[in-house]
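Asker: So the protein sequences, as listed, match chains A and B. For the first sequence, my numbering gives the first residue as 20, with consecutive numbering after it. For the second sequence, my numbering gives the first residue as 1117, with consecutive numbering after it.
Quick caveat, the hints were computed from the structure, so don't treat them as lab data. Treat the hints with caution; some may be incorrect.
Okay, the calculated bits of chain A under chain B, using three or more residues with CB under 8 Å as the criterion [what the hints assert, rightly or not]:
#, stretch
1, 61 to 73
2, 92 to 102
3, 105 to 112
Ranges between beta-carbon positions, derived for each pair [said to hold, decoys possible]:
#, chain 1, residue 1, chain 2, residue 2, range
4, B, Ser1170, A, Leu52, 30 to 38 Å
5, B, Ala1119, A, Ser81, 23 to 31 Å
6, A, Asp55, B, Glu1173, 32 to 40 Å
These numbers come from a predicted model, not from an experiment. Where is the CB? At the ideal position from N, CA and C, for every residue including glycine.
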Amino acid sequence: MPEAISMLSAEGARKVSIEDAPILGHEPATDILALDDAMNALEAVDPRKCRIVELRFIGGLSIEETAEVLEISTATVEREWRSAKAWLYQAMTEGKA
Amino acid sequence: VNADRWHQVDTILKKALERDGCDRAGFLDRVCDSDPSLREEVEALIVAYERAGSFLESTILKISDGAEAEASGTPVGRALGHYDVKELVGSGGMSNVYLAEDRRLGRRVAIKLLPPDFTTDAERVRRFAQEARAASALNHPNIITIYEIVPRDRVH
Chain A
20 MPEAISMLSA EGARKVSIED APILGHEPAT DILALDDAMN ALEAVDPRKC RIVELRFIGG
80 LSIEETAEVL EISTATVERE WRSAKAWLYQ AMTEGKA
Chain B
1117 VNADRWHQVD TILKKALERD GCDRAGFLDR VCDSDPSLRE EVEALIVAYE RAGSFLESTI
1177 LKISDGAEAE ASGTPVGRAL GHYDVKELVG SGGMSNVYLA EDRRLGRRVA IKLLPPDFTT
1237 DAERVRRFAQ EARAASALNH PNIITIYEIV PRDRVH
């Protein structure tokens, strides 16, 4: 059964900042709102890629789990994932170079 | 972007990304022979892919069992609205996930706290949550459902 989750905007969220949290890595945070825009645009031309990105990036699924959920091969997920990354990265960096 | 054109670009892009160096250049020579703008589009995407690095590679949601990270100012042990926050169970690139108890419904929930910057635009957060919810509709055990968005002024 899926766990439930709640997004809260709270004082607690302000205090537990990314920088302070000890178990986090050092990767720069993705601009989630820019990603949201880019994913909406991607969905219009290629919904399957958008789905794969949702499952992997938002849902935290591995390539194998994503393949299982979408009932496609892992090779297909890998190819689609690479292409989706290229597309989204380009969409999010266009005009910022 | 036109969907048919994207399909054409995508097909070549995926094959090109499976090749490297001369092999890739030769492949592009062959398939884009009569369409230099197609090649340009594919090459721009290859550059984007190579620059993307770890972009999207770590999920915003990482559940790690029993991780004890007592950062100062942690909401653990506090009440957020009608949720009692019990423990930190995971962290993602942008947020921490806590195990909490919903006092109204008497059940355990995961609560994801987003940095304030991400929650100032309620409409966009709502749409983002909707997408996450759509992903969770697949009912995979590893997918977490967005349960509720509590506006800042309702959280004590």
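Asker: Could you run down the list of hints and mark each one as holding or not?
Answerer: Verification of the hints:
| no. | hint | in the structure |
| --- | --- | --- |
| 1 | 61 to 73 | holds (count 6) |
| 2 | 92 to 102 | holds (count 4) |
| 3 | 105 to 112 | holds (count 6) |
| 4 | Ser1170/B <-> Leu52/A: 30 to 38 Å | violated, 20 Å |
| 5 | Ala1119/B <-> Ser81/A: 23 to 31 Å | holds, 28 Å |
| 6 | Asp55/A <-> Glu1173/B: 32 to 40 Å | violated, 18 Å |
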